[in-house]
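> My request is simple: use the sequences and hints to build the entire structure.
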Amino acid sequence: MTDITELEEEVKHLEEEEEHTTAGLTRLQLIVFACLVAFFILAAYGFYLIYSLTKDVSQLAVDVNTMSLSVDKNMGIIAGAMGDITGRMADINSSTEIMASTAQNMADSTQQMAQSTDNMRYDVRRLNNSISGPMDAIGSFFPGGRKTRNPPPIYYPPAYQMPPNYQYQAPAAE
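One point on numbering: in the numbering used here, the residue at position 18 of the sequence shown is 18, and numbering is uninterrupted.
Derived by calculation from the structure, the hints in this document are not laboratory data. Any given hint might turn out to be false.
[What the hints assert, rightly or not] Simulated DEER-style distance windows between Cβ atoms:
# : residue 1 : residue 2 : range
1 : 109       : 85        : 31 to 41 Å
2 : 48        : 71        : 28 to 38 Å
3 : 28        : 7         : 23 to 33 Å
4 : 153       : 119       : 16 to 26 Å
For each residue, glycine too, the CB sits at the ideal point set by N, CA and C.
The following block contains the structure:
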């Protein structure tokens, strides 16, 4: 009987171990099943991303091809326009050189006009001084005429000097 009892205990022990192992396997199956579902979801999303990227790159290639054809078609016009721009820049450069010399001539003329205006001011002052004496004498004969002479204050004009490195150039004959 002992053998049967031992065998029954052994069987009971094996049944408990089987239940324990079965419970562990069930938990493991749930984990593996969840992982497989997550893997399939991620794989499907990865496939979608790769498909979208391929589609976008394909569209980009078509757009680049279209743009390349458009640029190729218009390149002759662009090259001609650039040549025209180059010619106009050369014209602008020569015009700028002419303007620079003209501006210098204008500066010289303005300097001469300032000197001439100062000379006229000086001559008018001398005329005023030379006429005011006799006019005062004549005015004193008339009623309400000036009795005293009050000349304007002395004015010293500025001295006009050319810069030390200035070289005068005569205007070019055209």
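> If a hint holds in the structure, say so; if it does not, say that too.
Here's how the hints hold up against the structure:
| no. | hint | verdict |
| --- | --- | --- |
| 1 | 109 x 85: 31 to 41 Å | holds (35 Å) |
| 2 | 48 x 71: 28 to 38 Å | holds (34 Å) |
| 3 | 28 x 7: 23 to 33 Å | holds (30 Å) |
| 4 | 153 x 119: 16 to 26 Å | holds (20 Å) |
This entry satisfies every hint, going by the numbered hints stated previously.
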